[in-house]
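**Student:** Sequence:
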Amino acid sequence: MPHPPRRLLAFILLVATSAPLLPAQTDLPAVAAHHLADDERVAGAMFAESGGDVEKLLGLVKARADLKPNVRYIADALVIARRLHRLGQEHARPELSAAAADLADLAVRTYQNPDGTFNEYDRCTWLKPDQLSRTIPWGTAFHGQAMLRTLRDLGPALGDTRRADWRARLRLTGAWIDGNKVLDTVVFNAAIDLCGLLWKIGDELGDPTLQKSALASAHRLLDRHLDVAQGWIRGENSGVSGFYQQVGMEFIGDFARASGDVRLRAALLRFMDTAGIFATTTWQFPGNFGTRTPSLGPALGDTRRA
Numbered sequence: 093m094p095h096p097p098r099r100l101l102a103f104i105l106l107v108a109t110s111a112p113l114l115p116a117q118t119d120l121p122a123v124a125a126h127h128l129a130d131d132e133r134v135a136g137a138m139f140a141e142s143g144g145d146v147e148k149l150l151g152l153v154k155a156r157a158d159l160k161p162n163v164r165y166i167a168d169a170l171v172i173a174r175r176l177h178r179l180g181q182e183h184a185r186p187e188l189s190a191a192a193a194d195l196a197d198l199a200v201r202t203y204q205n206p207d208g209t210f211n212e213y214d215r216c217t218w219l220k221p222d223q224l225s226r227t228i229p230w231g232t233a234f235h236g237q238a239m240l241r242t243l244r245d246l247g248p249a250l251g252d253t254r255r256a257d258w259r260a261r262l263r264l265t266g267a268w269i270d271g272n273k274v275l276d277t278v279v280f281n282a283a284i285d286l287c288g289l290l291w292k293i294g295d296e297l298g299d300p301t302l303q304k305s306a307l308a309s310a311h312r313l314l315d316r317h318l319d320v321a322q323g324w325i326r327g328e329n330s331g332v333s334g335f336y337q338q339v340g341m342e343f344i345g346d347f348a349r350a351s352g353d354v355r356l357r358a359a360l361l362r363f364m365d366t367a368g369i370f371a372t373t374t375w376q377f378p379g380n381f382g383t384r385t386p387s388l389g390p391a392l393g394d395t396r397r398a
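Numbering (the numbering used here), first residue to last: 93 to 398.
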């Protein structure tokens, strides 16, 4: 008989992105509210300093990102845009929502590649310019998800013309993912996140063909990477780590919640068996390895089917 806590924890992962967090010994809603308020404070201050000039606003986002160990221009810009829009709605200040739309659109037009992909700026600080294509699979997954979320959060604030342009851009992203051999080359977490993004793009565009392809690729990845005997998500060279397992379960849970796919849910429960055995009492895992693919070369960033 399945162990009840394992199913409970899997359920929490499945609904975490759509359901409020439950109070516990650590007041998680209060922590989330603190981070949200901090983001909104920063967004409001940036808007005031920029005077509503979107180019200056993006420059402030970049300057703030440069203070961090990792540089995430596109990710930070989209977060600030969503927070500005929230402030505009809460305080009936349409100029904030307008600035949010301008910032988000400028960031996407600046950092999205012509083929619909994104570089991952978290991982580029140690790479030379001609090596940035190595970051494309992760960047497309992370920033494609953020772009789709921003499109849905800002809604009409983007305007009909921009919304149509963003949807066309997302179609390019979906076309790059669909059937791309990179899904069979990068580590599981990057590939399954790309599949989840493809499914969501299909949902946004009303294209069931993309959703069917996303699930077929995901099922193939589960067959390849699910260690039935041990219940581990494998990384590079079949290596494993607790943190990598945790992140993989988060990606699978998000994909399973969105799609309702039975196989994804079953995989999450199987991974939870092992995670529950090896996790610490705080559900934190020491170490992080197996998350990069050294064999990833420039060709894999722009080469389609073999």
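Hint data in this document are derived by calculation from the structure and do not stem from the laboratory.
Keep in mind that a hint or two might mislead.
Result set (DSS-like, lysine-lysine): computed pairs, CA atoms no more than 27 Å apart in a straight line [stated by the list, open to error]:
1) Lys220 with Lys304
2) Lys273 with Lys304
3) Lys220 with Lys273
Treat the numbers as computed from the prediction; the structure is a model and nothing was measured.
**Student:** Compare the structure with each hint and give your call.
**Tutor:** Tested hints:
no.: 1; hint: Lys220 with Lys304; result: violated, 37 Å
no.: 2; hint: Lys273 with Lys304; result: holds, 17 Å
no.: 3; hint: Lys220 with Lys273; result: holds, 24 Å
Checked against the numbered hints listed earlier, the structure breaks hint 1 alone; every other hint is satisfied.
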